[in-house]
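Enquirer: Sequence:
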Amino acid sequence: MTVQLTARGAVADPAAVSRLADEFAARRCVTLPAVIDAPLLARIHTTLDAATFAERAHGEIATELCMAKNACLGMLHWLVNDPVVFAFVERVTGIRGLRSFSGRVYRRLPGAHHDSWHSDVHPDRAVGMSINLSRDRYEGGVFEIRDERSGVVQGAIANVGFGDAILFQIAHGLEHRVTSVTGRAPKTAFAGWFGGTRDYLAMFRQDRFLREEA
Numbered sequence: 125m126t127v128q129l130t131a132r133g134a135v136a137d138p139a140a141v142s143r144l145a146d147e148f149a150a151r152r153c154v155t156l157p158a159v160i161d162a163p164l165l166a167r168i169h170t171t172l173d174a175a176t177f178a179e180r181a182h183g184e185i186a187t188e189l190c191m192a193k194n195a196c197l198g199m200l201h202w203l204v205n206d207p208v209v210f211a212f213v214e215r216v217t218g219i220r221g222l223r224s225f226s227g228r229v230y231r232r233l234p235g236a237h238h239d240s241w242h243s244d245v246h247p248d249r250a251v252g253m254s255i256n257l258s259r260d261r262y263e264g265g266v267f268e269i270r271d272e273r274s275g276v277v278q279g280a281i282a283n284v285g286f287g288d289a290i291l292f293q294i295a296h297g298l299e300h301r302v303t304s305v306t307g308r309a310p311k312t313a314f315a316g317w318f319g320g321t322r323d324y325l326a327m328f329r330q331d332r333f334l335r336e337e338a
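In the numbering used here, the protein residues as written are 125 to 338.
Just so you know, the hints here were simulated from the structure itself, not pulled from any lab data.
Beta carbons are placed, not taken as given, at the ideal position from N, Cα and C, and that holds for glycine.
Worth double-checking, as some hints may not be accurate.
Per label pair, the in silico range of CB-to-CB distance [what the hints assert, rightly or not]:
id, residue 1, residue 2, range
1, A166, A282, 18 to 28 Å
2, V276, A174, 22 to 32 Å
3, R261, R322, 30 to 40 Å
Let the sequences and hints guide you as you build the complete structure.
Expert: This is the structure we're talking about:
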């Protein structure tokens with residue numbers, strides 16, 4: 125275990141930090157196995173089966189199915205926005221002052237959706253994370269990160285372990301993508317960004333206020 129989300133909160137193994145930090149520094153990305161424990165992942169799968177997904181395009185960069193806001197999305201945000209998680213990610217990446225994680229649940233179907241090289245550079249995006257929520261093992265869908273100028277791929281991860289996650293660096297001069305999904309099974313993930321300019325609790329309150337005003 126490295127860091128894990130459970131129904132009772134997050135737990136972390138400090139002994140894993142040194143190895144992961146070295147790997148992250150060399151490859152700009154790292155795998156975190158079993159970030160969501162098995163009982164919680166089973167509950168999430170049941171919720172995803174009943175969730176609504178709609179086609180979404182990110183300009184010309186990517187296409188996907190995106191899950192509508194629901195209780196599952198709220199729970200995932202609540203679980204990741206934990207001081208234990210922030211502290212662990214800071215120690216692995218060397219990036220300090222993380223205060224929030226914001227993301228979405230997406231699904232990519234074989235032969236139907238794509239992702240191209242992009243950077244995700246934004247004032248409140250310091251570290252990216254993608255957690256595999258797929259029920260079945262998919263093919264393709266490999267995460268890659270490269271030096272923008274040279275085009276040299278520095279890291280590639282096939283994140284097919286159930287409940288596994290990828291951490292990756294977001295910075296000027298770096299680009300990443302996820303290759304197309306092949307085979308028959310779709311890829312489903314909870315993906316987003318850790319940042320330090322906004323506080324999660326303040327974001328939660330603002331979102332609730334907007335929903336109440338709508």
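Enquirer: State for each hint whether it applies.
Expert: We went through each hint and held it up to the structure:
{"no.": "1", "hint": "A166 / A282: 18 to 28 Å", "in the structure": "holds, 23 Å"}
{"no.": "2", "hint": "V276 / A174: 22 to 32 Å", "in the structure": "violated, 43 Å"}
{"no.": "3", "hint": "R261 / R322: 30 to 40 Å", "in the structure": "holds, 35 Å"}
Hint compliance for this structure: hint 2 alone is broken.
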